[in-house]
Structure formats: structure tokens, C-alpha cells
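Asks: Please construct the entire structure, taking both the sequences and the accompanying hints into account.
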Amino acid sequence: MLQNVKPWLLTALALSALPSAHAQNPFITNQFTADPTARVFGGRVYVYPSHDIPAAPGRGRAGWFVMEDYHVFSSANLTDWTDHGVIVTQNKVPWVKPDSYSMWAPDCIQRNGKYYFYFPSAPRDTAISKGFTIGVAVADKPTGPFVPQPLPIKNVRGIDPNVFIDKDGQAYLYWSQGNIYGARLKPNMLELAEEPKTLGELPTKGLKEGPYVFERKGIYYLTYPHVANKTERLEYATSTSPLGPFTVKGVIMDESPTGCWTNHHSLLQFNNQWYLFYHHNDLSPKFDKNRSIRIDSLSFAADGSIRKVTPTLRGVGLTDARQKIQLDRYSRLSPQGAAIAFLDTANTFQGWKTVFTDAEGWVQYNGVAFGPQKVKTIVLRSASAAGATLLIRLDNPTGPVVAEVTVPKGSAWQEVKAPVGAIRPGTHTLFVAPKSAAGMEVDWVRFE
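Under my numbering, read the sequence shown as residues -8 to 439, first letter to last.
Be a bit skeptical, because a hint or two may be false.
[To be verified] Straight-line C-alpha distance at most 27 angstroms; calculated DSSO-like pairs for lysine-lysine:
#, residue 1, residue 2
1, K188, K132
2, K400, K315
3, K408, K315
4, K196, K240
5, K367, K400
6, K83, K105
7, K145, K132
8, K208, K188
9, K105, K132
10, K315, K367
11, K158, K277
Keep in mind the hints are simulated off the structure, nothing from the lab.
Replies: Encoded structure:
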């Protein structure tokens, strides 16, 4: 019966059956993810991160990074994300030590109808390398299936592969191990075409790793994490050629204010806007080896310099008013009377809640898309031991109230509905605040 179904419908059905996540930071919340490389293939964004997992007896090294496989995620709008599942795993790569748990930061690139997935790991044969080396898996689609090559790339020692294809068609491989290295690739994308070159002119003090190279308006940007002080910040250097010489220019993102030791990133232009993909330890605040990937907008000054990016919880993209709006991924939060906490500290993948302690508290959430169809009701998942009322305003923190939701007394979570006043079509900012001093907790709100 399926032979008469249109191919695009089969694809849509397949995607709809896969787990998904939504916009806000971090944008993947059902597993730990790190080191995101974002690419546009066929008008869709694909993100190839590494996959942190907790250590366990016989599974990795306690207190360190533990990674055994890779997933790929995709989105057409940077808001709704689909998990396409595992594409490469350590015990199915011929050259990888099957219990190394060292499948670190990857990359993926498209060329001549093939997709080349580059990844580092520790080899089972120490004659190949006593440290890390880098291999390639090849597929016909960006989601795989990927077939690993039997051996890693010859003459490459290190981690954090990144591939850049210049406008003349020449491909380059970059990686790190103490220094950052680069070399031209052969047309088969599987072998170096020359001896590796150390990319000098970069800071000599402090760890440098995670290179990501791109070109914009004739300027070649080498971006990289660097420990200038105590933890990694994202920096960049520029050149007039893919292999330098480079001139250090500045900082893209400052060190984590909460002390996450690593950061690792990629930059992407999509629908005429630039974005920075990076990671933080949102879902594991007490252990920074379990990380989660984020997105924020990025821009350039007229002279080509990159404006510094300030991390946000709100992230990018619009949130459909009919989806669950996670107020805890706020755009702004009141300095007092409101706080964010995990729903369950024993299972952080359940996400966060907004805790209002008094009438001084409020939360602002930007970019809610209502669309042309009118909404009639708001649904609130909330709890309030004493009972409380929540006020919903649009666009202006002192504007008219469009909904007033009364939460009955009770310590358990409950979904409460209330009518909504007239809301004009389009994109709005939500302002949410309690009506009185009674305390309450909010998981999410949604319009119907």
C-alpha cells in the first residue's frame, strides 16, 4: 500500500514518529549533548553533537567525559527539533577501542552527494596512535546510515575535527592537540593531501582546541575555545587564506559565569541570520562533564569583526502559542519575587519550573507566535499550597490583562484553564506575574 504514497509524505511520517525537542536553551533536554556542529543541508539545519553519558562501573572514567556514540538532530525552523537517533557508535567502528568512551567532538560535511562524518577517538591498536586520532564515516543522507572507514585518517593525531570547503572547491581538515593544525584534503575527503601545518600566531598560553573555520566576505575566520584564565572562552582570529597566517581579533563569548570548564561551538548562517551553537552544563550544574547544547543569535560589525554573544535561556526562534511555553527559559526575570528551579533534582531531564514567592515577581517571555486563528483559553500547569492567581499580559508589563488564572489550593501539580480576552494575530511578548503575595509554582502555560 505504501508504494503509492508520496516520498515527501513518507519523510514527514517518519519525522513525526521520532522524539523531538523545542526552542529554548538548552534546545535538547532528553539527553546530554555537547560540542555542536551545525550545518545546512537541503534547507534544513542538522546538528551533530557529541553525547555525554554518566560514568558507571565498566563504563568510562568517573569524574571525566564519557561518550560512546553520536546522534544527529534536525530542524526546519530552529524551534522544533527531531532526534534521528544514533548514527555512529564506538563498538561498531573497526579501528576504535570499543570500551574507550572517547567519541568526542565531531563534524559533518556534504560533498558530491555524500555526507562525511568526522569524529575522534582512541584506537584499539596503539601502533596507529597512543592518543586520539580521527576517522570518517560516509552516508548518502545527512541522517545516515553512516558507514565508518576501516582505518582513521593517516598522519592525523588529535581531536575536534572540523572541515571547511573553500569557494574553489578545496577542502581542508582542522583539528587540535595542544596546538591547532590544518591541512588540505584530497578530493575523496578521506586522506590528507599534504603534511599538517601548525596554525601559529595564536595564544601560546592556555589550552586551545575545537577549531571551527568559515569564510565571510573574503575573510577566513578561525574560531576556537581557549583557556585564557580558568575556563574556556570562545575566541577568533582572521586571515586572507584558509591556513593563515592568522591574526587574533577578539572574544566571541566570555567564560561561563557558573564555571563550566569547556565550551565548544560552531557558527551558521541560516535564512540570512547568523547563529552561534555552543554548550553549557544547564542540566548538570554540579558536574560540568555532562553538558547541553544551546543556540543564540550572532552578528558582525561593518569591519567584519564578530560582536560578542551574551548567552540566553530564551534562545532563538518563535514559540507557538499552542505549544507548552516554558516560562523558566525566560527573556527577563524580576530581580526579586521569582526564581527558577528544577522540577525534580533527581531527574533534571524533566526541566525547570518558575517559582513565584510574592507579588513582586514576574517573568517575561519573548517571541510567542499566535498565528491567524484566535485562541480562547489558556492552560496552566501549576501548584500553590495556599491557592493563588496568575495574571497574563501581552507586550507591555503594565498593559491590560488578557487572562487571569486562579490556581486552587493544593500542593500537587494541576492543569487549570481560564478564558482569554481578545488577542490580535501575530507575535507577542508574554508578561506573567502573580496577583497577590501567595506563593505558586508554574511549569508551563499553553493557549488553546
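Asks: Under the criterion that the straight-line Cα-Cα distance not exceed 27 angstroms, is the pair K158, K277 satisfied?
Replies: 44 angstroms, violated
Asks: Assess, step by step, whether the Cα of K400 is no farther than 27 angstroms from the Cα of K315, and give holds or violated.
Replies: Holds, at about 23 angstroms.
Asks: Need the status of pair K315, K367: alpha-carbon distance at most 27 angstroms?
Replies: Judged against 27 angstroms, a Cα distance of about 16 angstroms means the pair holds.
Asks: Within a Cα-Cα threshold of 27 angstroms, do K105 and K132 meet the stated pairing?
Replies: 7 angstroms, holds
Asks: Would the hint linking K208 and K188 be met if the CA-CA limit is 27 angstroms?
Replies: This hinted pair holds, its Cα atoms lying about 24 angstroms apart.
Asks: Does K188 pair with K132 here, judged by a C-alpha cut-off of 27 angstroms?
Replies: Violated. K188 to K132 sits at ~31 angstroms, over the 27 angstroms cutoff.
Asks: Please verify whether K408 and K315 have alpha carbons no more than 27 angstroms apart.
Replies: 14 angstroms, holds
Asks: Does K400 lie within 27 angstroms of K367 when you go C-alpha to C-alpha?
Replies: This hinted pair holds, its Cα atoms lying about 25 angstroms apart.
Asks: Holds or violated: K145 with K132, Cα cutoff 27 angstroms?
Replies: 25 angstroms, holds
Asks: Are the Cα atoms of K83 and K105 separated by 27 angstroms or less?
Replies: 20 angstroms, holds
Asks: Below or equal to 27 angstroms on CA atoms is what counts here, so check K196 against K240.
Replies: 16 angstroms, holds
Comparing the model with each numbered hint stated earlier shows that hints 1, 11 do not hold.
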